[in-house]
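Protein chains: 2
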Amino acid sequence: MRGLMMDFPLTLTAIFNRAERLFSKVEIVSRRPDGSLVRQTFGEFHRRTRRLAHALRNAGIQRGERVATLMWNHSAQLEAYFGIPLAGAVLHTLNLRLHPNEIAFIAKHADDQLLIVDDVLLPIYEKFKDKVNFKRVIVVPFCGNPLPAGLENYEDFIASASGDIEPPQMEENEAAAMCFTSGTTGNPKGVLYSHRSLVLHSLAEAMVDGCGIGHHSAVLQVTPMFHANGWGLPYTAIMTGAKLVLPGPMVDSESILDLIEQEAITVSCGVPTVWLGVIAALEKYPERWKPRRTVQVISGGSAPPESLIRALDRYGFHLRHLWGMTETTPVATLGGLKSDMRDSSEDEKYRARSKQGWPAPFVELRVMTESGVAPWDGKAYGELEVRGPWVASSYYEAPETRNRWAEDGWFKTGDIATIDADGYLRILDRTKDMIKSGGEWISSVDLENALMGHPAVREAAVIGLPHPKWQERPLAVVVLKPGSEANTGDLTRFLAAKFAKWQLPDEIVFADEIPRTSVGKFLKAKLRDQYADWKWEQK
Amino acid sequence: MRGLMMDFPLTLTAIFNRAERLFSKVEIVSRRPDGSLVRQTFGEFHRRTRRLAHALRNAGIQRGERVATLMWNHSAQLEAYFGIPLAGAVLHTLNLRLHPNEIAFIAKHADDQLLIVDDVLLPIYEKFKDKVNFKRVIVVPFCGNPLPAGLENYEDFIASASGDIEPPQMEENEAAAMCFTSGTTGNPKGVLYSHRSLVLHSLAEAMVDGCGIGHHSAVLQVTPMFHANGWGLPYTAIMTGAKLVLPGPMVDSESILDLIEQEAITVSCGVPTVWLGVIAALEKYPERWKPRRTVQVISGGSAPPESLIRALDRYGFHLRHLWGMTETTPVATLGGLKSDMRDSSEDEKYRARSKQGWPAPFVELRVMTESGVAPWDGKAYGELEVRGPWVASSYYEAPETRNRWAEDGWFKTGDIATIDADGYLRILDRTKDMIKSGGEWISSVDLENALMGHPAVREAAVIGLPHPKWQERPLAVVVLKPGSEANTGDLTRFLAAKFAKWQLPDEIVFADEIPRTSVGKFLKAKLRDQYADWKWEQK
Numbered sequence: 001m002r003g004l005m006m007d008f009p010l011t012l013t014a015i016f017n018r019a020e021r022l023f024s025k026v027e028i029v030s031r032r033p034d035g036s037l038v039r040q041t042f043g044e045f046h047r048r049t050r051r052l053a054h055a056l057r058n059a060g061i062q063r064g065e066r067v068a069t070l071m072w073n074h075s076a077q078l079e080a081y082f083g084i085p086l087a088g089a090v091l092h093t094l095n096l097r098l099h100p101n102e103i104a105f106i107a108k109h110a111d112d113q114l115l116i117v118d119d120v121l122l123p124i125y126e127k128f129k130d131k132v133n134f135k136r137v138i139v140v141p142f143c144g145n146p147l148p149a150g151l152e153n154y155e156d157f158i159a160s161a162s163g164d165i166e167p168p169q170m171e172e173n174e175a176a177a178m179c180f181t182s183g184t185t186g187n188p189k190g191v192l193y194s195h196r197s198l199v200l201h202s203l204a205e206a207m208v209d210g211c212g213i214g215h216h217s218a219v220l221q222v223t224p225m226f227h228a229n230g231w232g233l234p235y236t237a238i239m240t241g242a243k244l245v246l247p248g249p250m251v252d253s254e255s256i257l258d259l260i261e262q263e264a265i266t267v268s269c270g271v272p273t274v275w276l277g278v279i280a281a282l283e284k285y286p287e288r289w290k291p292r293r294t295v296q297v298i299s300g301g302s303a304p305p306e307s308l309i310r311a312l313d314r315y316g317f318h319l320r321h322l323w324g325m326t327e328t329t330p331v332a333t334l335g336g337l338k339s340d341m342r343d344s345s346e347d348e349k350y351r352a353r354s355k356q357g358w359p360a361p362f363v364e365l366r367v368m369t370e371s372g373v374a375p376w377d378g379k380a381y382g383e384l385e386v387r388g389p390w391v392a393s394s395y396y397e398a399p400e401t402r403n404r405w406a407e408d409g410w411f412k413t414g415d416i417a418t419i420d421a422d423g424y425l426r427i428l429d430r431t432k433d434m435i436k437s438g439g440e441w442i443s444s445v446d447l448e449n450a451l452m453g454h455p456a457v458r459e460a461a462v463i464g465l466p467h468p469k470w471q472e473r474p475l476a477v478v479v480l481k482p483g484s485e486a487n488t489g490d491l492t493r494f495l496a497a498k499f500a501k502w503q504l505p506d507e508i509v510f511a512d513e514i515p516r517t518s519v520g521k522f523l524k525a526k527l528r529d530q531y532a533d534w535k536w537e538q539k
Numbered sequence: 001m002r003g004l005m006m007d008f009p010l011t012l013t014a015i016f017n018r019a020e021r022l023f024s025k026v027e028i029v030s031r032r033p034d035g036s037l038v039r040q041t042f043g044e045f046h047r048r049t050r051r052l053a054h055a056l057r058n059a060g061i062q063r064g065e066r067v068a069t070l071m072w073n074h075s076a077q078l079e080a081y082f083g084i085p086l087a088g089a090v091l092h093t094l095n096l097r098l099h100p101n102e103i104a105f106i107a108k109h110a111d112d113q114l115l116i117v118d119d120v121l122l123p124i125y126e127k128f129k130d131k132v133n134f135k136r137v138i139v140v141p142f143c144g145n146p147l148p149a150g151l152e153n154y155e156d157f158i159a160s161a162s163g164d165i166e167p168p169q170m171e172e173n174e175a176a177a178m179c180f181t182s183g184t185t186g187n188p189k190g191v192l193y194s195h196r197s198l199v200l201h202s203l204a205e206a207m208v209d210g211c212g213i214g215h216h217s218a219v220l221q222v223t224p225m226f227h228a229n230g231w232g233l234p235y236t237a238i239m240t241g242a243k244l245v246l247p248g249p250m251v252d253s254e255s256i257l258d259l260i261e262q263e264a265i266t267v268s269c270g271v272p273t274v275w276l277g278v279i280a281a282l283e284k285y286p287e288r289w290k291p292r293r294t295v296q297v298i299s300g301g302s303a304p305p306e307s308l309i310r311a312l313d314r315y316g317f318h319l320r321h322l323w324g325m326t327e328t329t330p331v332a333t334l335g336g337l338k339s340d341m342r343d344s345s346e347d348e349k350y351r352a353r354s355k356q357g358w359p360a361p362f363v364e365l366r367v368m369t370e371s372g373v374a375p376w377d378g379k380a381y382g383e384l385e386v387r388g389p390w391v392a393s394s395y396y397e398a399p400e401t402r403n404r405w406a407e408d409g410w411f412k413t414g415d416i417a418t419i420d421a422d423g424y425l426r427i428l429d430r431t432k433d434m435i436k437s438g439g440e441w442i443s444s445v446d447l448e449n450a451l452m453g454h455p456a457v458r459e460a461a462v463i464g465l466p467h468p469k470w471q472e473r474p475l476a477v478v479v480l481k482p483g484s485e486a487n488t489g490d491l492t493r494f495l496a497a498k499f500a501k502w503q504l505p506d507e508i509v510f511a512d513e514i515p516r517t518s519v520g521k522f523l524k525a526k527l528r529d530q531y532a533d534w535k536w537e538q539k
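Just so you know, the sequences run in chain order A and B. When we follow my numbering, the leftmost residue of the first sequence carries the number 1, and every step to the right adds one. When we follow my numbering, the leftmost residue of the second sequence carries the number 1, and every step to the right adds one.
Just so you know, these hints were derived from the structure itself, not from any lab. None of these values were measured; they are calculated from a predicted model. Mixed in with the good hints, there may be bad ones.
[As the list claims (entries may be wrong)] What follows is a list of derived Cβ distance ranges for each label pair: (1) A/63 to B/408: 34 to 44 Å; (2) A/368 to B/34: 49 to 59 Å; (3) A/58 to B/346: 48 to 58 Å.
Beta carbons are placed, not taken as given, at the ideal position from N, Cα and C, and that holds for glycine.
Use the sequences and the hints to build the structure in full.
Have a look at this one:
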């Protein structure tokens, strides 16, 4: 028997309309490329976004068509987040850190009709413009330079429309946004988010146990909005009427700390490497920043070293580690302690907080081994699989990737993981990063996070390299903190307290930096290339 | 274009399964009718609930059939909340405070197949059993007395099944629960909640800006679970893994305060009259209770007097006033201050907190006047209408009530309201309680709440009575605090500071108590009956 409840679709339009009526005085603060801050209210944001939607309709954009953005985090990107779906179209955020050829492939594969691009990013556009065929290119003007021929000014574009049209009535399962994963193998793959998935994801993030974002929060959006819906926080902030601070291109540690202090930030987000940098800055200038309130730091993308969580606590930053992927909108787990751990030791609490959290409501996790679904015992490991209302059911027009979904529909993440009896997920490695040594597996992530707990180590990455006897053996690449010293023997002894002898890296090399992916994670594929000719010393 | 996200239904089953895996150690505390406390874990709750579902299937209960409960708030009622929907059936909570004839009408109208009833409530059952035809009656045993012939023991019933069956795969729009509104006119009307509506409502309540319930909360469920889904808090507590404390039949002020202190409660709920009683107890025994943490009090059902909110604050209780109805699952608005009011005066903040809040995400409100939708100006008043994903689209098998929905599908609440520029709803009166005096309207609620701000007044209700010249004029019925004194002149002078002369009650009468509805609200229909023969003195 059907319930007798209204058929009310869960759409971004509903979020947008409500915020317009309720939160018109809340601030949105954007840093421009020249470093200046621009303040607007939700009221202005809504008026401009309605105009953008109207102008897109006037430009002939049809329901379901893709509109691309190539932008930093600022108010115009936020206008695109809502204005494009409001027009009935699909927001497609291009990742400006990818190779221009890759951007071109993605834009063509998505069949993007129109591009909105920051003028300061036109040099990137120039590199791929001959490989794509946008009908129109709209440029957000920051620096005041005249635009190249054929390109249009974003301010003129939105000024051309009144915004006074009724948005189309969307079904909740219609597409609203699209992001591509920047996989290291094969072509990039598109994930197509529905209104429903983004709405439910926002509700989960607005939970006390989610990202803790409410109407009285002030959110600093460090995570790029071109990456995995900016982890969903822009939608959640607009839904709850939280103040939103967008740092533009300036996401260096000092700029982040300046904004946190000046704008009384309560929630921020970013990959662990961002917060490693923030800690380095706080240690370098111990008197410079005095945040007024505890800052909740949403971190994901890779596992934060326990030492980072401890260091952040000392400075009034509380890190919540969530796990997710572009394919999961992205937040799939909630971090934090279970209530029965209230009386646990500090060490136990930090250990739990370093894990990858427990499944969010309506997200289901399982670990698949060769003999079936693994028990939740914290030991049995295998490939992590996930399902839920904000998990991708397939990639966009990529039938060759069908094998990424199990026969019963679960998504295969490509991560090797365990789940313990409390429900905590622990990612041991990406399938391809796990080191196979003499028939046993070694977790590169565990070694890295232990190394980053050494006081002299700033960053560490561990890769498996071919070995004539053991198949693979671990090599650690370490970046020391400025002014610090440590040698291979020091670090190996440090690790030996936590790992079995056969798990220790056979060699530790010191480097100036570790290559990064477009979203700030360690780029191990490149490291493996760098050390492709490595010869192990005979031991 | 459809998004490419998984088709994952939003069901209570998903909430139940996740809580089973994640929160097995969390406590559920129930007070039995003899006053003793029983503790169980989510683990035990889940095992028993699976058995209940299994036993219902064995009993032949079919998908979509209604199973009734007649119970106080305790763990078996919670088992019914999840076990009945888990069996694919519909939980129908009977309101034990209604007249037995009315209960019989409701159970027959709903076609309830089976009843689960507390043994201490069998005297009520005896009064209507001849008018209903349940196939089986299952009795929750508390007092140890032998059961009347033909009735079955709940413990035996659930022990007869292993619980080891797979629940049916429900669609999210299938019915999960049913409540009847105890209207003062016409027959009671059934509201049929879908899994989807209960799930979305739970997500809204788990928001920072909702009821603020998270995994670390301890919730005291004062609101009867037989009334409007217990305001949804039982579902939200299980979803978030919050500790849940169920007070059984003992909801007097002292028992409530004992539980709040002993169980370290952080969130509770109840109509304003409950909290008026709590304040009276705190004033009577100022040293007796020392709550350890601030208690968030979710209040609804009627407007709390501002004086109540102030008094609760002094004792460490923070009242959040939410508005809703049985037809809205029930929470339709969020309470609390807007962020731009942070620097407002204390008086302004209390005034805002006394209003009925602003619409929850995906709930839409409008005020209809004779000339169409009213502006949000805090002045234009008319009937409040509402729509959203957890708002009823019709009553259960009651085609004669079709006029309660506007032609475009909005639900007509029967409340007279304004909405101000900040989005705050203010309910002036039920349509039928508004006092029409000489062509102008007088709000009975405003007068009542002002009277309850007088230090000598414990409770006050205002009704309109026929008047030969003015059509209707207000009469106030006042209950004084024990040991306090005030006369008509005192109270009229007190009101005169806030109201125009023509709005003041023509008469104030003093009484020992004010009649209540089954859910603790003032029963004005009965008051009007009592004073039906009232003769105004000529003035």
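To see whether the hints hold, each was checked on the structure:
Between residue 63 of chain A and residue 408 of chain B the CB atoms are about 23 Å apart, so this pair departs from the stated range of 34 to 44 Å. Between residue 368 of chain A and residue 34 of chain B the CB atoms are about 50 Å apart, so this pair conforms to the stated range of 49 to 59 Å. Range check, residue 58 of chain A to residue 346 of chain B: Cβ separation about 50 Å, and the 48 to 58 Å hint holds.
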